[in-house]
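**Student:** Chains R and E, in that order, are what the protein sequence lines are. According to my numbering, the stretch in the first sequence is residues 1 to 155, in order. According to my numbering, the stretch in the second sequence is residues 1 to 155, in order.
No lab work stands behind these hints: they were computed from the structure. Be aware that one or more of the hints could be misleading.
Unchecked claim - Label-pair restraints from in silico Cβ distances:
{"no.": "1", "chain 1": "R", "residue 1": "E51", "chain 2": "E", "residue 2": "G33", "range": "53 to 61 Å"}
{"no.": "2", "chain 1": "E", "residue 1": "G115", "chain 2": "R", "residue 2": "K110", "range": "21 to 29 Å"}
{"no.": "3", "chain 1": "E", "residue 1": "Q29", "chain 2": "R", "residue 2": "E51", "range": "53 to 61 Å"}
{"no.": "4", "chain 1": "E", "residue 1": "S22", "chain 2": "R", "residue 2": "D133", "range": "27 to 35 Å"}
{"no.": "5", "chain 1": "R", "residue 1": "Q42", "chain 2": "E", "residue 2": "G12", "range": "21 to 29 Å"}
Claimed, not checked - Below, a list of computed lysine-lysine pairs in the DSS-like style, where the Cα atoms sit at most 27 Å apart:
{"no.": "6", "chain 1": "R", "residue 1": "K11", "chain 2": "E", "residue 2": "K110"}
{"no.": "7", "chain 1": "R", "residue 1": "K147", "chain 2": "E", "residue 2": "K110"}
{"no.": "8", "chain 1": "E", "residue 1": "K59", "chain 2": "R", "residue 2": "K106"}
{"no.": "9", "chain 1": "R", "residue 1": "K32", "chain 2": "R", "residue 2": "K59"}
{"no.": "10", "chain 1": "E", "residue 1": "K143", "chain 2": "E", "residue 2": "K59"}
{"no.": "11", "chain 1": "E", "residue 1": "K143", "chain 2": "R", "residue 2": "K59"}
{"no.": "12", "chain 1": "E", "residue 1": "K11", "chain 2": "R", "residue 2": "K106"}
{"no.": "13", "chain 1": "R", "residue 1": "K147", "chain 2": "E", "residue 2": "K59"}
{"no.": "14", "chain 1": "R", "residue 1": "K11", "chain 2": "R", "residue 2": "K136"}
{"no.": "15", "chain 1": "E", "residue 1": "K136", "chain 2": "R", "residue 2": "K143"}
{"no.": "16", "chain 1": "R", "residue 1": "K106", "chain 2": "E", "residue 2": "K97"}
{"no.": "17", "chain 1": "R", "residue 1": "K136", "chain 2": "E", "residue 2": "K110"}
{"no.": "18", "chain 1": "E", "residue 1": "K136", "chain 2": "R", "residue 2": "K136"}
{"no.": "19", "chain 1": "R", "residue 1": "K147", "chain 2": "E", "residue 2": "K136"}
{"no.": "20", "chain 1": "R", "residue 1": "K11", "chain 2": "E", "residue 2": "K136"}
{"no.": "21", "chain 1": "R", "residue 1": "K136", "chain 2": "E", "residue 2": "K59"}
{"no.": "22", "chain 1": "R", "residue 1": "K110", "chain 2": "E", "residue 2": "K110"}
{"no.": "23", "chain 1": "E", "residue 1": "K147", "chain 2": "R", "residue 2": "K143"}
{"no.": "24", "chain 1": "E", "residue 1": "K147", "chain 2": "R", "residue 2": "K136"}
{"no.": "25", "chain 1": "E", "residue 1": "K106", "chain 2": "R", "residue 2": "K136"}
Here the structure is a predicted model, which means the values were calculated and not measured. Heads up, the beta-carbon is just placed ideally off N, CA and C, and yes, glycines get one too.
Protein chains: 2
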Amino acid sequence: MHLLSQCYLFKGLSEPQLLRLSEITKEIQIQKGQFFMREGQQAEELFVLKEGAVELLIKVEEGFDLPIAIFRNPGDCTGTSALVEPYIFSLNSRCVKDSKILVINKTALKELMQGDHELGCTIMRNLAQHLLDRLKETRQELKVHFKTIFRSTQL
Amino acid sequence: MHLLSQCYLFKGLSEPQLLRLSEITKEIQIQKGQFFMREGQQAEELFVLKEGAVELLIKVEEGFDLPIAIFRNPGDCTGTSALVEPYIFSLNSRCVKDSKILVINKTALKELMQGDHELGCTIMRNLAQHLLDRLKETRQELKVHFKTIFRSTQL
Chain R
1 MHLLSQCYLF KGLSEPQLLR LSEITKEIQI QKGQFFMREG QQAEELFVLK EGAVELLIKV
61 EEGFDLPIAI FRNPGDCTGT SALVEPYIFS LNSRCVKDSK ILVINKTALK ELMQGDHELG
121 CTIMRNLAQH LLDRLKETRQ ELKVHFKTIF RSTQL
Chain E
1 MHLLSQCYLF KGLSEPQLLR LSEITKEIQI QKGQFFMREG QQAEELFVLK EGAVELLIKV
61 EEGFDLPIAI FRNPGDCTGT SALVEPYIFS LNSRCVKDSK ILVINKTALK ELMQGDHELG
121 CTIMRNLAQH LLDRLKETRQ ELKVHFKTIF RSTQL
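Just chain R, same shape as in the assembly:
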């Protein structure tokens, strides 16, 4: 429950809300090297890192996966596609160390959010804020590419 409060998604939830959330959470162990989330698959679960390290990758083409982030901090999470239609993962995730991961089932979480709209609103606001930050970062990277192109056309 203490760990869940460290995840950006659950920031601002009350103790009773965190308790109800912890009741639908289970813990799994995943070995180093193992993938637990694949781009294009149905997103049925949300994952919160407890111990270990997780790498996120996007497939650029066959045989070339581009690493975009490594999570090492307890509370880091992946699989937020389980919160948003069409519920399809958009990334690959694998453990780069033996890891312990908290798993929250999509359907159970949805029921919790429908039964407590304040909790739902907090989680969705946290998610939107996080996605907006990621979108700004990704646009920033794109800018760098366009800047290079723009400069080369100015020579």
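Place chain E on chain R using the hints.
**Tutor:** The following block gives chain E in isolation, referenced to the frame of chain R:
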């Protein structure tokens, strides 16, 4: 009110919820060529297109703004940074036709959402879904760049 229901943010709201939303909405007219949203400015308002056309741009460097989208459909909206901390616009928006725009004040909307968590949850879920779609698109564009780089290193 009918127009608000066409905006992706307000999809799924009930008639009474849309009515309350319309009560905090005002209409303004903006001339062709005029900017009404600047990157880096405090996001105090959300904008929904009623009539006309709006171009969104990101500043790549001094004298070079990259157009990233044009909105022409009634209900298209911009300024969602007004819904998310730190409430700073991340884009420039200008009208490319004389336009009529609905304006929703950030503070009034926040109060409405705090008074009706179901409404808040719906709006935030719609926003998160939209941002995830934009993030996927932007990553897709980045992939294209990396693919080009990857291929050139394989030659």
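**Student:** Next, verify each hint and record whether it holds.
**Tutor:** Results for each hint:
{"no.": "1", "hint": "E51/R - G33/E: 53 to 61 Å", "verdict": "holds (56 Å)"}
{"no.": "2", "hint": "G115/E - K110/R: 21 to 29 Å", "verdict": "holds (24 Å)"}
{"no.": "3", "hint": "Q29/E - E51/R: 53 to 61 Å", "verdict": "holds (58 Å)"}
{"no.": "4", "hint": "S22/E - D133/R: 27 to 35 Å", "verdict": "holds (31 Å)"}
{"no.": "5", "hint": "Q42/R - G12/E: 21 to 29 Å", "verdict": "holds (22 Å)"}
{"no.": "6", "hint": "K11/R - K110/E", "verdict": "holds (18 Å)"}
{"no.": "7", "hint": "K147/R - K110/E", "verdict": "violated (37 Å)"}
{"no.": "8", "hint": "K59/E - K106/R", "verdict": "violated (38 Å)"}
{"no.": "9", "hint": "K32/R - K59/R", "verdict": "holds (20 Å)"}
{"no.": "10", "hint": "K143/E - K59/E", "verdict": "holds (21 Å)"}
{"no.": "11", "hint": "K143/E - K59/R", "verdict": "holds (8 Å)"}
{"no.": "12", "hint": "K11/E - K106/R", "verdict": "holds (21 Å)"}
{"no.": "13", "hint": "K147/R - K59/E", "verdict": "holds (10 Å)"}
{"no.": "14", "hint": "K11/R - K136/R", "verdict": "holds (21 Å)"}
{"no.": "15", "hint": "K136/E - K143/R", "verdict": "holds (16 Å)"}
{"no.": "16", "hint": "K106/R - K97/E", "verdict": "violated (44 Å)"}
{"no.": "17", "hint": "K136/R - K110/E", "verdict": "holds (23 Å)"}
{"no.": "18", "hint": "K136/E - K136/R", "verdict": "holds (12 Å)"}
{"no.": "19", "hint": "K147/R - K136/E", "verdict": "holds (21 Å)"}
{"no.": "20", "hint": "K11/R - K136/E", "verdict": "holds (24 Å)"}
{"no.": "21", "hint": "K136/R - K59/E", "verdict": "holds (12 Å)"}
{"no.": "22", "hint": "K110/R - K110/E", "verdict": "holds (23 Å)"}
{"no.": "23", "hint": "K147/E - K143/R", "verdict": "holds (17 Å)"}
{"no.": "24", "hint": "K147/E - K136/R", "verdict": "holds (21 Å)"}
{"no.": "25", "hint": "K106/E - K136/R", "verdict": "holds (20 Å)"}
Hint compliance for this structure: hints 7, 8 and 16 are not met, and every other hint is.
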